[in-house]
Amino acid sequence: MTVRERWTAALAGLAFALLPAVLTPLAPSLLPAAEAQQSPAKASTTQPVLRIGAIPDQNPEKLNRLYGLVANELSKQLGVRVSYVPVTDYTAAVGAFRTGNLDLVWFGGLTGVQASLQKPGAQMIAQRDIDAQFYSVFIANTRSGIKPIQNQKGLTALKGKRFTFGSESSTSGRLMPQYFLSQAGVKLGDFAGGAPGFSGSHDATIALVQSGAYDAGAVNEQVWKSSLRSGKANRSKVVQIWRTPSYPDYLWLGQPNLDQRFGKGFTAKLRAAIVGWRPSDPEQKQILELFGAQQFTTVKAGEYKKIEQVGRQIGKIR
Amino acid sequence: MRPAAPLWVLLPALVLLPVLALLPGISHGGGWELVGQFAAAALQPSLDPLVLGSVLGGLGITAGIALLGWAGSLALGLLLGIASSRVVWRTCTGSATPAGWIRRLLAVPRSIHELLWGLLLLQLVGLQPAVAVVAIAIPFGALVARVVSDLLDTLPTATLEALRSGGAPAPAALLTALGPPLLPQVISYSGYRLECALRSATLLGVFGLGGLGTELRLTLQSLAFRELWSGLWLLLAVMLLLEALLGWLRRRWAMPARLSLRQRAVGRQARELVAAGLGLLPLLALVAWRLEVEPTALLQWQGLPPLGPADWGAVASLPWPGLIANTVLLTVLAATLAVGLAPLLLLVVEPWPAAGVLLRGLWALGRLWPPPLTALLLLFVLQPGVLTGALALGFHNLGILGRLLLEAAETTGAPQQQALLAAGSGPRLALLYGRFSGLARPYLAYGAYRADVILRESVVVGLVGATGLGSQLLEALSSFAGDQLLALVLAYALLTLLGEDLSDRARLWLLETPHQETPHGDGHPQEAGGAWR
Chain A
3 MTVRERWTAA LAGLAFALLP AVLTPLAPSL LPAAEAQQSP AKASTTQPVL RIGAIPDQNP
63 EKLNRLYGLV ANELSKQLGV RVSYVPVTDY TAAVGAFRTG NLDLVWFGGL TGVQASLQKP
123 GAQMIAQRDI DAQFYSVFIA NTRSGIKPIQ NQKGLTALKG KRFTFGSESS TSGRLMPQYF
183 LSQAGVKLGD FAGGAPGFSG SHDATIALVQ SGAYDAGAVN EQVWKSSLRS GKANRSKVVQ
243 IWRTPSYPDY LWLGQPNLDQ RFGKGFTAKL RAAIVGWRPS DPEQKQILEL FGAQQFTTVK
303 AGEYKKIEQV GRQIGKIR
Chain B
26 MRPAAPLWVL LPALVLLPVL ALLPGISHGG GWELVGQFAA AALQPSLDPL VLGSVLGGLG
86 ITAGIALLGW AGSLALGLLL GIASSRVVWR TCTGSATPAG WIRRLLAVPR SIHELLWGLL
146 LLQLVGLQPA VAVVAIAIPF GALVARVVSD LLDTLPTATL EALRSGGAPA PAALLTALGP
206 PLLPQVISYS GYRLECALRS ATLLGVFGLG GLGTELRLTL QSLAFRELWS GLWLLLAVML
266 LLEALLGWLR RRWAMPARLS LRQRAVGRQA RELVAAGLGL LPLLALVAWR LEVEPTALLQ
326 WQGLPPLGPA DWGAVASLPW PGLIANTVLL TVLAATLAVG LAPLLLLVVE PWPAAGVLLR
386 GLWALGRLWP PPLTALLLLF VLQPGVLTGA LALGFHNLGI LGRLLLEAAE TTGAPQQQAL
446 LAAGSGPRLA LLYGRFSGLA RPYLAYGAYR ADVILRESVV VGLVGATGLG SQLLEALSSF
506 AGDQLLALVL AYALLTLLGE DLSDRARLWL LETPHQETPH GDGHPQEAGG AWR
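Keeping their order, the protein sequence lines are chains A and B. 3 is the number of the first residue of the first sequence in the working numbering; add one for each residue after it. 26 is the number of the first residue of the second sequence in the working numbering; add one for each residue after it.
Hints were generated in silico from the structure; no laboratory data involved. All residues carry an ideal CB built from backbone N, CA and C; glycine is no exception. Among the hints, erroneous ones may be present.
[To be verified] Sample of chain A residues facing chain B (criterion: CB under 7 angstroms; computed from the structure):
#, residue
1, Ala-186
2, Ala-215
3, Ala-303
4, Gly-304
5, Gly-317
6, Lys-318
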């Protein structure tokens with residue numbers, strides 16, 4: 003071995019060994035990313051931190067922006083430290099809620115029901131005005147030859163096509179579309195390749211169908227509309243072919259022990275804060291816009307019985 | 026009757042015929058545009074400081090997880106390896122029976138892929154950096170234990186018996202007689218394990234356990250290819266540097282010095298080893314502190330999610346024969362593709378050195394690229410299915426096998442190849458008959474072992490494999506179906522143990538030939554009882 007070789011190897015070793023030590027503080031993705039606090043000067047370690055999370059249903063940049071704002075706003079209104087913990091997987095979000103790693107999570111209908119079944123006493127804090135009656139849309143690539151569908155029976159046109167859902171545990175991107183498909187007599191094995199794809203998120207579904215990698219897909223109507231508005235979805239390449247009947251979806255779910263940890267009446271204060279967000283306040287307006295809603299409302303737990311039923315029928319809730 | 030040696034290496038490549046025949050049937054070409062964008066982005070990765078910052082941060086976490094998981098697996102593996110060695114038990118207690126039992130017990134953690142360990146632990150102890158570390162340490166530890174005990178049991182025992190009959194106590198005799206010959210092999214093997222740990226840490230990230238893998242998956246899913254390539258190039262650089270460093274250390278510490286022209290001072294190697302070991306400890310502590318790994322947090326079990334009453338009827342009604350058949354088919358396809366393509370591609374590009382360099386670059390990408398990402402890319406142009414999953418797994422393992430073949434070829438058969446060239450044969454024939462024919466048996470023996478790794482890995486392409494055990498398992502996980510999960514993990518474990526047994530037999534059959542000449546210089550790890558695991 004030559005001297006040069008030896009030096010190269012030694013430098014390489016040093017670089018690799020020092021890498022974790024030097025780089026970790028930059029962006030450790032398992033740790034709180036956007037931490038907002040009332041007053042950094044008197045922040046003490048004994049003060050409990052409200053850890054909020056969300057299912058990763060959209061692009062991470064958007065989630066980081068949105069929940070950074072939410073953390074700031076809640077911290078300002080409630081006077082506690084609030085940090086946003088990004089989670090990269092629907093199932094992991096449910097697990098993290100059950101194990102108490104997250105205090106307040108923006109869940110989808112299915113994951114919300116899964117989480118509240120796994121954590122008895124979990125509190126449904128709030129939902130958006132659009133969530134009590136939420137819709138999915140089926141979209142198709144314009145070159146695929148799939149025509150807009152008049153009624154649910156028309157979904158049989160998707161047999162033999164390449165079809166993608168969003169995440170496996172998504173309510174609007176998988177559970178309800180699969181339910182409506184099976185009502186129309188379309189089984190998962192009927193798609194080209196013998197199985198549907200799972201793109202991971204609504205944005206990914208739109209991009210994949212638009213590119214032609216899949217002929218058709220099912221997405222959350224709110225994300226679809228906002229993609230059309232922002233121009234990310236190109237109407238000449240991807241079109242809506244059918245809108246599903248309505249069903250209840252997303253909600254804020256809180257841990258049962260919030261009052262013990264943050265003081266009596268904290269849960270009620272939290273609910274009042276979220277439900278009180280109005281477009282007249284510039285910051286709250288931004289949050290509501292990113293959520294695609296006019297305002298938040300309280301939740302009637304009974305609404306989600308339907309989701310639980312469908313979940314059990316499809317086998318996603320046991 | 027056996028075919029001639031040169032043909033052996035090319036035999037598995039026959040799988041290309043059915044694969045190429047089936048490929049047009051499953052390709053839909055809808056996403057060629059995306060593939061084009063992806064390839065173009067390789068030349069212009071994003072240099073945005075924000076992106077680079079998060080990629081570097083992710084890389085730091087991945088490297089840290091790999092380092093800690095590797096150290097844990099080595100400590101665990103050495104201890105358990107000694108505890109499951111027949112020689113050690115026989116020398117200490119006179120009976121080798123307990124060794125057999127410990128070995129059988131260790132087969133269970135080994136048969137479960139680190140991804141499954143990670144996902145199961147995630148449910149048990151919650152979202153913590155320590156989960157990924159432990160997920161790597163458990164199966165790797167059991168694997169290291171098997172290799173160490175195999176190595177121990179195949180060492181010549183003459184010295185040991187001499188020391189024992191001379192009256193030396195058992196522990197001292199074992200250490201003196203078996204320690205020195207074991208050391209170089211363990212060093213060489215543990216270097217290889219560190220490379221594996223880096224790959225595994227990246228893979229765990231793809232499934233949301235933190236680090237660069239997470240960034241890679243998210244950027245791929247949002248089709249942000251330029252950002253994706255920033256991560257890939259950086260990971261490639263780190264991986265190649267690590268491989269170079271480990272190669273250098275292996276040559277320095279694990280190769281016998283007797284062929285070296287320069288004399289080394291007696292004891293220098295031991296001093297270097299001790300210094301490296303001591304230097305590693307504070308580094309590990311520092312990394313653990315930086316990653317906020319808290320071992321105590323692992324003890325705070327949250328209990329399993331409240332499960333509904335187990336529905337064994339539903340478990341039994343899963344399409345088991347189909348699931349198992351598809352998993353086995355996926356494994357065989359991926360293994361034969363990887364084993365067969367490596368020598369074939371080397372032969373094809375032999376006359377053009379530039380193409381050879383390109384090929385090595387492609388293999389490096391294959392090694393570093395987590396198979397689920399390849400699978401996602403393949404879905405842009407292919408339909409989901411067994412073949413798509415097999416292509417993704419095959420590409421990854423081709424990178425690993427190709428590199429091993431190149432390394433082995435460097436140390437063997439040069440004179441034969443030169444002679445054939447001088448006698449006027451073409452470059453390809455000279456390579457095949459001069460170098461590859463000598464390597465055929467050990468290479469295929471390693472391929473048999475690799476098949477058994479691929480079987481375990483098949484779970485990671487579950488999402489596109491579409492019909493195998495892997496996809497069913499991921500589905501059961503997201504439905505929190507404990508009963509199905511248990512049954513599927515058991516099925517996987519049984520299948521892997523069966524596969525391991527088969528691949529062991531295949532390896533023995535390949536290596537035990539009447540004219541078994543060892544093709545490369547002694548001390549090289551491939552021949553040390555198949556130490557490249």
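- [ ] State the violated hints by number, sorted upward, taking the hints as numbered earlier in the document.
- [x] Hints 1, 3 and 4 are the ones this structure does not satisfy, whereas the remaining hints hold.
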